[in-house]
Amino acid sequence: MRHLLSTGDLTRDEAVLLLDTAEEMRSVAERPIKKLPTLRGRTVVNLFFEDSTRTRISFEAAAKRLSADVINFAAKGSSVSKGESLKDTALTLQAMGADAVVIRHGASGAPARLAAAGWIDSAILNAGDGSHEHPTQALLDAFTMRRHLAPGQHGLDGRRVAIVGDVLHSRVARSNALLLSTLGAEVTLVAPPTLMPYGVDSWPVETSYDLDPVLPKADAVMMLRVQRERMNAAYFPSAREYSRRYGLDGKRMAKLPEHAIVMHPGPMNRGMEITADVADSTRSVIVEQVTNGVAVRMAALYLLLSGARDAASENTSDTTEGQA
Amino acid sequence: MTAYVIRNAHVLGTQVADLRIVDGVITDIGADLDTTDAEVVDATDLVALPGLVDLHTHLREPGREDAETVETGTRSAAAGGFTLVHAMANTDPVADTAGVVEQVWRLGREHGYCDVAPVGAVTVGLGGEQLAELGAMADSAARVRVFSDDGKCVSDAVLMRRALEYVKAFDGVIAQHAQEPRLTEGAQMNEGELSGVLGLTGWPAVAEEAIIARDVLLAEHVGSRLHVCHLSTRGSVEIVRWAKSRGIDVTAEVTPHHLLLTDELAASYDPIYKVNPPLRTADDVAALREALAEGVIDIVATDHAPHPSEDKDCEWAAAAFGMTGLETALSVVQQTMVDTGLLDWAGVAERMSAKPAEIGRVAGHGRPLAVGEPANIVLYDPRSTRVVRPEEAVSRSRNTPYAGRELPGRVVATFLRGRPTVLDGVVVEEVAA
Amino acid sequence: MSAHTSDSTVVLDSGDISRALTRITHEIIEKNRGAAQVVVLGIPTRGVELGRRVAERMGEVAGHPVPYGSLDITMYRDDLRMKPARALEKTDIPVDLDDRVVVLVDDVLFSGRTIRAALDALNDLGRPRAVQLAVLVDRGHRELPIRADFVGKNLPTSLAEQVKVAVTGLDDRDEVRIVSAPKGAGA
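Chains as they are written, first to last, in numbering that gives the first Met the number 0: chain E, 0 to 323; chain U, 0 to 432; chain S, 0 to 186.
There could be a bad hint or two in this list.
What the hints assert, rightly or not - Simulated DEER-style distance windows between Cβ atoms:
1) U:Glu-132 with E:Gly-105: 40 to 46 Å
2) E:Gly-117 with U:Ser-383: 28 to 34 Å
3) S:Leu-158 with E:Gly-265: 50 to 56 Å
4) E:Arg-39 with S:Glu-55: 34 to 40 Å
5) U:Ser-308 with E:Gln-226: 42 to 48 Å
Worth flagging that the hints you see were computed from the coordinates, not collected in a lab.
Keep in mind that this is a model prediction, so the values were computed, not measured.
We treat Cβ as the ideally placed atom computed from N, Cα and C, and that holds for glycine.
Throw the hints in and build the complete structure from the sequences for me.
What follows is the structure in structure tokens.
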């Protein structure tokens, strides 16, 4: 792994390695000293062209727990908002010696462009690009699911996951659909037809326009944020109708199997896609997702930044010779 | 008096002959012509075609001289084998008055590399609200016959109807950029499986096809001539085929890049592949090639759209639409149409010279290679190959989608009314009369 | 996993290893006057299995269970920038380490860098009263001022040689061999 741009780039082994590594990272959070010297002297830049305090502080905490130096480069109030191009920003970061750039950008493919255009040598971590992908969110979702639904196992084989809502505009849904199927889960996307991406038939998922029949078989249900503005673009008639057909309320939650968990990538629109009683219920793992986010991002930073490139797939258990 | 004898050319790829050119006119065609007082150009193994005519070029002057000028654009055209290009109206100021079109036309004459036929805007400022002074542009020295808001669609049905009707007075044609605006708000690439995966807003084929369908019906209703710019989908081909079968006076063009490239290239997120209309699927490409071979699509037009590097050195969504194309057009047509057996060189001449000149109603271009005709000639070596290097472009801009790609063929010489604008593959300096 | 390369010599067989571990067990108990405060932490991968065996033997001798666990030092290595990223191993600390005697167990002591990393890692986990080191093989070539308190066998080697340790549980036998062929042969 040189960059983390799309969960579609991850092999099953790489995905499992990330989750296993995150498992160890998570235990660090339970220690008295929550810091590791691993990335001492390395510089991680959080390059955020969109506001996302949640994701930014999660990456910041992850990098700091690994002792990296963190530079937050927010577009607002910087030269970026004065029209500086992505290229010039990249050249600046290159000159500053950034080892990793965590980028959040409104344009799909901006991280891929940064990784491929030759402007900068750093490892690039996609922290959400347009309506394309958000790989670390999917990794933390998969991590959370594995802890609850498949403890002690490598993948999520045979687990059923429903992803519900504005799939069309959701980078979380794309990254999850790819990653979860790589890990062996059976994913069903649930959305009104207007919010289902064109060509979704070619994705490794099932689809449904109806939420109710999906719930009794689901091991996990992930509710996506739906922006009210979408209704102005005629994706659905009203917030009320959307909630009635696709929102998760207590009554619908009761249709889930006993062990099923409820997830949301946040920030939630309480009352829109999820009711408060569901969000705050014991089935909800939404707060835990945040905790796991730091561990997963530590794992990603560690695997991308430590050592030589293309390392993740190397068998490292053969350490019997003298100095391992 | 300037005289040239072109030796051993494969005229339209068939008969080998010498051509004698005197004072801008082809005076003799035959074997072993007398070379007295003439410069000899050896054309052994070269194909001789009539000078190419492009119905769709963006020369950017006035307004975006950082991307291209009439001078650099016409040099680029000459290097690609063109002797006439139509300069699109989306300049700054827009070519919506007699003054602007005459300026562009005159710049073309002054530089002398390639004739320039300005295209007039259909609506004032390309605003889509009020007809521009089409008659004044037609009556100007530039003799405008092609009108287009290219870059924008004349989406208002009433305005389109009126424009189609109005230009009948001077045998003009409306060249429509078929793009339903509401269906393509924020659109970035062909809407298909890939756009969904890449998270780029889709540009559905129906946004093009719906406008073409409406326009051919309008053209039929008012008995006017319609030209469809850069047709890009299988569905568009079917609509044009249907319209022609009904006897509707419609012509259509396809760009070289839509004959070769597919939407898969967008997966790189490299905006060098961002173009309007977007690159489509392999199935669309196959349909376009067939349609061009059949004549359902009448012509190849480059839609040469130069942009400065900063407009492409960025993220996909922020990048400008468009690709350069003049210098690679003939090579791409050879690769996609000739080398595949779909067209012979006579067919290429028809689609890249005769027919575009006819649609544009321009005199002295697109004429056959025959005695007494103007000596607009391109000599082309179909057997050589080259790797496209953007830094070698004659155009001021470097946004070719073929960078690093090997293409067949090379323009060896171009003659504009008997004067070489390109010799030995190099643009001739100081050609201006 | 055992490499059958041509130039290899078995230096400890399973009987030798068993006797060495028994001796180390007794030495630890003797040095610490019993096993009451001792925690055994093995360094992955093979140190964990060796540590488990030592702790169990100590328990038998002392008559009470001796806590044991594992201490992964990957995140504390000083060569992370040079070597490919490694999968992390388990860190499993069975009891609070404060004021205990931690006995680190590893298979081979070589440059000393692993132990340096282990000391750093311990530092972040608690404040033991003392840290001691037990290794199955000490092959020399130290690069840091570190020495083992308990050694199964001192094994003079050249830098060109490799010491391969196999332990049942992870491998198909108990064995230590010296391999003079370059790494990767017969893999």
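Going down the list of hints, with the structure as the test:
1. U:Glu-132 with E:Gly-105: 40 to 46 Å: holds (41 Å)
2. E:Gly-117 with U:Ser-383: 28 to 34 Å: This hint holds: roughly 30 Å between Cβ atoms.
3. S:Leu-158 with E:Gly-265: 50 to 56 Å: 54 Å Cβ-Cβ, so the 50 to 56 Å window holds.
4. E:Arg-39 with S:Glu-55: 34 to 40 Å: Given a distance of about 37 Å, which is inside 34 to 40 Å, the answer is holds.
5. U:Ser-308 with E:Gln-226: 42 to 48 Å: The hint (42 to 48 Å, Cβ to Cβ) is violated, given that Ser-308 (chain U) and Gln-226 (chain E) are roughly 35 Å apart.
Violated hint: 5 only; the structure is consistent with all others.
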